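Chemist: Just so you know, the protein sequences line up as chains A and B, in that order.
In terms of the UniProt record's numbering, the first sequence has 1 at position 1, counting the first letter as 1, and numbering is strictly consecutive.
In terms of the UniProt record's numbering, the second sequence has 118 at position 118, counting the first letter as 1, and numbering is strictly consecutive.
Calculated from the structure, these hints are not laboratory results.
Here the structure is a predicted model, which means the values were calculated and not measured.
Glycine is no exception: its CB is placed at the ideal position from the N, C-alpha and C atoms.
Be aware that one or more of the hints could be misleading.
[What the hints assert, rightly or not] Rough simulated footprint, nothing fancy, chain B against chain A, three-plus residues with beta-carbon under 8 Å:
| hint | segment |
| --- | --- |
| 1 | 76-82 |
| 2 | 191-199 |
[As the list claims (entries may be wrong)] Derived lysine-lysine pairs resembling DSBU-like cross-links, with alpha carbons at most 35 Å apart:
| hint | chain 1 | residue 1 | chain 2 | residue 2 |
| --- | --- | --- | --- | --- |
| 3 | A | 157 | B | 138 |
| 4 | B | 10 | A | 39 |
| 5 | B | 29 | A | 138 |
| 6 | A | 10 | A | 167 |
| 7 | B | 177 | B | 163 |
| 8 | A | 123 | B | 72 |
| 9 | A | 152 | B | 123 |
| 10 | A | 123 | A | 72 |
| 11 | B | 10 | A | 152 |
| 12 | A | 163 | A | 110 |
| 13 | B | 29 | A | 123 |
| 14 | B | 10 | B | 163 |
[As the list claims (entries may be wrong)] Negatives, chain A to chain B, calculated, CB over 10 Å:
| hint | residue |
| --- | --- |
| 15 | 4 |
| 16 | 56 |
| 17 | 67 |
| 18 | 126 |
| 19 | 130 |
| 20 | 134 |
| 21 | 136 |
| 22 | 139 |
| 23 | 230 |
There are 2 protein chains.
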Amino acid sequence: MKGSLLYEGKAKKVYHVEGKPEQLVLSYKNDATAFNGKKKDQFEGKGRLNNLITSRIFEHLHQQHIPSHFLKSLNDNEQLVQKTTIIPLEVVVRNIAAGSLTRRLAIQEKTVLQPPIIELFYKNDDLDDPLINDDHAKRLANVTEHDLDNIKILALKINEILKRLFKQADLELVDFKLEFGRLHDGNIVLADEISPDTCRLWDAATGEKMDKDVFREDIGDLIATYETILQRLEESICAK
Amino acid sequence: MKGSLLYEGKAKKVYHVEGKPEQLVLSYKNDATAFNGKKKDQFEGKGRLNNLITSRIFEHLHQQHIPSHFLKSLNDNEQLVQKTTIIPLEVVVRNIAAGSLTRRLAIQEKTVLQPPIIELFYKNDDLDDPLINDDHAKRLANVTEHDLDNIKILALKINEILKRLFKQADLELVDFKLEFGRLHDGNIVLADEISPDTCRLWDAATGEKMDKDVFREDIGDLIATYETILQRLEESICAK
Ligand SMILES: Nc1ncnc2c1ncn2[C@@H]1O[C@H](COP(=O)(O)OP(=O)(O)O)[C@@H](O)[C@H]1O
Ligand SMILES: Nc1ncnc2c1ncn2[C@@H]1O[C@H](COP(=O)(O)OP(=O)(O)O)[C@@H](O)[C@H]1O
Ligand SMILES: [Mg+2]
Ligand SMILES: [Mg+2]
């Protein structure tokens with residue numbers, strides 16, 4: 001079923017599907033990278049955890065009528081998705097100030113951002129994924145004003161759904177990164193992954209960091225942390 | 001008439017006006033600074049040239065119904081303006097790719113940007129005037145969505161007027177920076193200066209740089225260049 005390799009990124013390999021030119025297999029790797037690839041390591045079991053967490057989240061988003069590339073989980077490390085032309089933007093939604101926002105704009109860490117702040121970064125490793133505005137995006141990322149409006153509305157809806165989902169799992173959704181792609185028919189859908197690699201999650205009770213910051217800052221056991229996220233998500237999804 | 005010093009910036013001193021709490025005197029200095037103050041020098045006559053150039057330009061914008069702080073030129077170095085509460089944004093309009101845009105986003109220098117690109121920078125020396133988006137501006141600069149829409153519409157109108165004015169003076173308006181302020185009644189008007197310190201201008205025939213880049217890159221005589229800009233502007237304004 002799995003065909004030839006289409007491309008390999010920092011976190012996933014992307015394969016064609018034989019006989020189904022409009023589908024892809026995403027295969028999650030055990031690699032962890034941070035600071036645009038400057039820090040690297042491998043964690044046995046990480047690919048499985050991110051695949052399962054992403055699958056749970058995309059299934060939940062599907063039930064809430066969010067259009068996405070997700071078709072189904074295939075096995076521990078792989079999922080079947082619709083092939084898209086990825087829009088080269090990282091769409092970041094921030095509910096609480098942390099990370100680069102606090103450094104660039106001197107907004108105090110933990111400041112509640114209500115309404116949430118949306119940021120666009122140009123997905124380009126050579127340029128270190130720079131922050132851009134809508135005018136830049138229209139020029140660089142082959143999107144119209146109308147596409148950007150749609151993407152932002154979708155991002156804010158996803159934020160509301162995920163905030164609630166994580167809250168039930170005793171996790172605060174601080175910020176997260178989304179990618180969108182265009183299907184063959186031109187429609188824009190949510191693509192890529194949503195995992196502790198792409199979300200900032202704080203334990204709701206203790207404030208403890210429970211995401212890739214554990215790796216970025218060397219402050220804990222990445223696998224144990226991601227395992228906790230998966231368990232809590234499964235319990236909170238089953239409890240409903 | 002001129003009262004006490006309100007504040008001193010890198011390019012101008014700002015004075016109160018005795019008996020007129022809603023007016024200010026802007027006094028243009030001979031200082032040149034670049035790279036957020038890291039490069040500095042003094043040029044005899046620069047204050048006069050920027051005051052006269054800014055005055056000509058604001059008079060022209062006034063005739064074209066652009067609301068601004070400008071009241072009148074007082075003498076060689078000083079002008080009378082309406083006091084505003086400056087909105088801490090540098091509003092940059094770009095017609096042709098140059099400078100930081102080419103470095104940050106790898107857009108080739110001289111690429112024509114049609115429609116023009118508008119950028120907002122947060123006016124904050126400690127943070128090195130970082131590029132921001134509309135969501136950041138709403139949070140940091142005390143502006144609403146509606147204010148930002150107004151500011152961008154004004155900026156694009158000003159661009160059209162200035163492109164035409166400079167074209168008549170055989171100059172290409174590559175990009176420029178505007179500041180806006182709020183009058184006592186809450187209305188937003190164009191403030192600050194428009195001069196070769198705040199515009200990128202290329203000779204229409206030769207492509208020669210005729211603005212502060214002469215100082216940034218040490219490639220010519222700043223005073224002679226600014227003198228040429230003033231002369232050409234006066235000729236093109238009189239010719240009408
Ligand atoms: N549905 C999809 N269609 C096409 N490409 C996708 C889809 N979902 C994700 N991708 C892309 O797969 C690539 C591999 O993912 P990843 O390893 O996370 O890459 P990166 O190193 O860019 O973070 C990325 O370019 C991502 O945008
Ligand atoms: N109409 C106005 N009302 C109040 N402040 C103004 C007005 N026009 C300009 N200013 C402010 O005057 C200050 C001095 O100008 P300048 O020397 O160019 O400062 P800077 O070092 O910030 O570039 C700046 O903060 C500018 O925003
Ligand atoms: Mg990725
Ligand atoms: Mg200034």
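Chemist: For this structure, which hints from the list above don't hold up?
Modeler: 1, 2, 4, 5, 8, 11, 13, 18, 19, 20, 21 and 22
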